[in-house]
Amino acid sequence: MHAFAELMNRLAFTSSRNAKLELMQAYFRTTPDPDRGIALAALTDGLNLRLPFRRLVAELLEPHVDPVLYKLSRDYVGDTAETVSLLWPVHNEDAPVPSLSEIHETLQSLKRADAGPVLAGWLDALDANGRWALLKLVTGGLRIGVSARLAKTAIAQAFDHDVADVEEIWHSIELPYENLFAWLDGRADRPDPGDTPVFRPVMLAHPLEDGDLARLAPAEWVTEWKWDGIRVQLAGNGRDLRLYSRTGDDISKSFPDIADAFSGFSGVADGELLVMRDGDIAPFNDLQQRLNRKTVSAAMVKDYPAHIRFYDLLFHHGDDLRALDFTARRKHLEDLLAVNEFSHASLSEVIEFKTFDELTVLRDGARDANIEGLMLKRIASPYMAGRPRGHWFKWKRDALTADCVVMYAQRGSGKRSSFYSDYTFGAWRTGEDGQDELVPVGKAYSGFTDAELKKLDKFVRDNTTDRFGPVRAVKPDLVFEVAFDAVQPSSRHKSGIAMRFPRIHRIRWDKPANEADHLDTLLTLVAQ
Amino acid sequence: MTLDPATWLYPTPKGLYCEPGDFYIDPARPVGRAVITHGHADHARPGNTAVMATRQTLDIMQVRYGERAGENLQAIDYGETISINGVDVGMAPAGHILGAAQVILDWQGYRAVVSGDYKRATDPTCTGFQVVKCDLFITEATFGLPVFVHENAATEAARLVASLDASPQRTHLLGVYGLGKCQRMICLVRAAGYDKPIYLHGALQGLCAYYTTQGVELGELRPVADEPPEALQGQLVLCPPSAIADRWSRRMNDPLTAFASGWMRVRARARQRGAEFPIIVSDHADWPELLQTITDVEAGEIWVTHGREDALLHQISSMGLKGRALALVGFEDEGE
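Chains as they are written, first to last, in my numbering: chain S, 1 to 528; chain H, 1 to 336.
Simulated from the structure, these hints should not be mistaken for lab results.
Don't take every hint at face value.
On the chain H side, residues computed to face chain S include the following (Cβ under 7 Å) [as the list claims (entries may be wrong)]: (1) Leu145; (2) Val147; (3) Ala191; (4) Gly193; (5) Arg247; (6) Arg251; (7) Arg267; (8) Gln272; (9) Gly274; (10) Glu276.
The calculated lysine-lysine pairs, modelled on DSSO-like cross-linking and capped at a C-alpha distance of 27 Å, are [claimed, not checked]: (11) S:Lys415 <-> S:Lys455; (12) S:Lys494 <-> S:Lys511; (13) S:Lys415 <-> S:Lys458; (14) S:Lys443 <-> S:Lys511; (15) H:Lys322 <-> S:Lys71; (16) S:Lys415 <-> H:Lys196.
Everything numeric in this text was worked out from a predicted model, so none of it was measured.
Glycine is no exception: its CB is placed at the ideal position from the N, C-alpha and C atoms.
If we strip away everything but chain S, and leave its shape as in the complex, we get (with noise of 0.2 Å):
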């Protein structure tokens, strides 16, 4: 436990991404199994812990403390459990610390009675940290800026493995993962997955630049719209369903209707999942209301349907078609909807042309706010996972901008410490009293040059006009033209919107702030 709680404690504070992967990485060479396997389990969200720890840790802790102090305490800390992992009152350290494999075995049995007991008694053998990555463990969500995908990197680079060898075997595998670690370790052959349905690493593209098409022969390529939606990867056995993220993350759970219009379904497929009504796109934002729930309610699943539109196959029924050209695997993709007539599904269209310039045309003209713009697809390209060169390109509309004014700056991390590299930026609007005032209406810390950044710096610091904390708010002077992909509506914000991917496009030295955009300009690029 005492590795582990200083792994996560490292972690919580590590804000680059090849610093935290070198944390775990030692952690994993040096931690024996089983413990390893339960904190991987811990890391990719795999351990399902049944009994209310929240309220128990509160329960615990009401004898040992006066109110007023939790009360004074806790407002000031912030957050319960690092509260109590402060305020428990023993710290024996004599006691024995149990370990991570002792901690998860002994919860799998709990009962609720034995359950007060048993966690005091832990948090009586731990100090601070481990008092505090054990109630984080219990109590269901780490948020140590680890994902899942940067944990299987971790593993797999940390005995010389590609993440996409981990990936294929990761959703055959079971806690505490000791097969797992005996191949990596090379003391075993990888895991067989037999025919469970694992998530397959997916083929991803580069965005096209200038220049590329000139190199291009139209005939050798396919192309197709680009969905605004989100990559989703189907995967069945006949008997089992399961739906990926792109990062491999089984999310099933969040789309049962998925899993209805699909049982029966053998084969693994790439597509754009979509919330669809009556044949139409619904925006992004409707889809965004499904992801990342944990229960889904009926409402919600009529609601909000989600619809799979399908663009490549990688397995049909046992058969791998990887080696297969986009051809032979669209046909294979073709004949299976065919066959069996799935609701909630459809096909991407291939869209035929004959020269890059109708197909120039075609992306300017698109303006249905589900289109994000074109796809370019090799017709002689086998199936590779990663984001191989020269086989698959997106060619995006052209992104919206906006000009706007810089209204906060946030130092940075890592890196970017010592530098205000965080910019919020707002939009102007007539306020209750009649005058101009700025809004803000996104937030934004790329597409920028080292050499920019240093210039933007010393402009917030010459132009600061009040602090908190690491925020600084700046006079209104400097204008970012703004580069992003969409505007939302959103409840979260004051001005009533949120825009998505926002990036600074250009510094706009010259421009007085009085010019820069009207928050109506920006509400009338709302998607409909």
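Go by the hints and put chain H onto chain S.
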């Protein structure tokens, strides 16, 4: 019937004033006669006429202020008593930093102790806290909340040394308060077995040099000055906390930012500072030490200054003691 101490010892806009002695303790503005508990800038300010403090506190004020330390400096040793206008003034070690003292005031059979800042944990750079039994104890409350329980300082230093070993490609940039914390952390990492040169920001060099003249061994220290980033890779560099967010730190290549402070106990505070490696070492008493001290001094009345008075006053009253918040101007707790 004892005299209410508030009739002769009370806060004023210039600071805590002892009326019969006609002097101020740690005044916030220049006064005719000042008694200073320790050298931190919010306690020892320049421009007073007569200044009484321990020899080391006076030295530190001269390192920092030169001639502005005061016109007439009078040293007083721990254990010594000097009468000022009929008030007996004594000094006892506070365990806070080198030279830090509690000021003992004896007047008409009544004893008040102004502790200044203090801690009970051991510190190789200064004399340990001495319990002085008294009628009135004036305590700080920087960490006056029960969540503040500092870690064992030696263990924290060992964690830092272990990280230097584990991540030899990263410069370890440690933000420390320049007086006290800086030298204590150096001693702690030396005790944990770190014997490589330690690099210092320019603002830390003068006081480190002074500490070594007082017999505090700091090992080899080098100025960061114009060292190229490669030379600092894998090295331990100490700087004032503000320098980490400042342009100065850009000379390091992807540094690992550490802070040594009692505030690091609370994650939100540590994240706000941008600490990647929080180290919970403090020169102020933590909550258990505050309570221990309040019990040990056996005073009937406790006054609480700068910090989280609410929680400590609540605790004092539940201990059956008389407590009072003493609103003193000019003290900071952020620099710790």
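Now for the hints, and whether the structure bears them out:
| no. | hint | result |
| --- | --- | --- |
| 1 | Leu145 | holds (5 Å) |
| 2 | Val147 | holds (4 Å) |
| 3 | Ala191 | violated (20 Å) |
| 4 | Gly193 | violated (19 Å) |
| 5 | Arg247 | holds (6 Å) |
| 6 | Arg251 | violated (10 Å) |
| 7 | Arg267 | holds (6 Å) |
| 8 | Gln272 | holds (5 Å) |
| 9 | Gly274 | holds (5 Å) |
| 10 | Glu276 | holds (5 Å) |
| 11 | S:Lys415 <-> S:Lys455 | holds (16 Å) |
| 12 | S:Lys494 <-> S:Lys511 | holds (25 Å) |
| 13 | S:Lys415 <-> S:Lys458 | holds (17 Å) |
| 14 | S:Lys443 <-> S:Lys511 | holds (20 Å) |
| 15 | H:Lys322 <-> S:Lys71 | holds (23 Å) |
| 16 | S:Lys415 <-> H:Lys196 | holds (25 Å) |
Consistency with the previously given hints fails for numbers 3, 4 and 6, ordered from lowest to highest.
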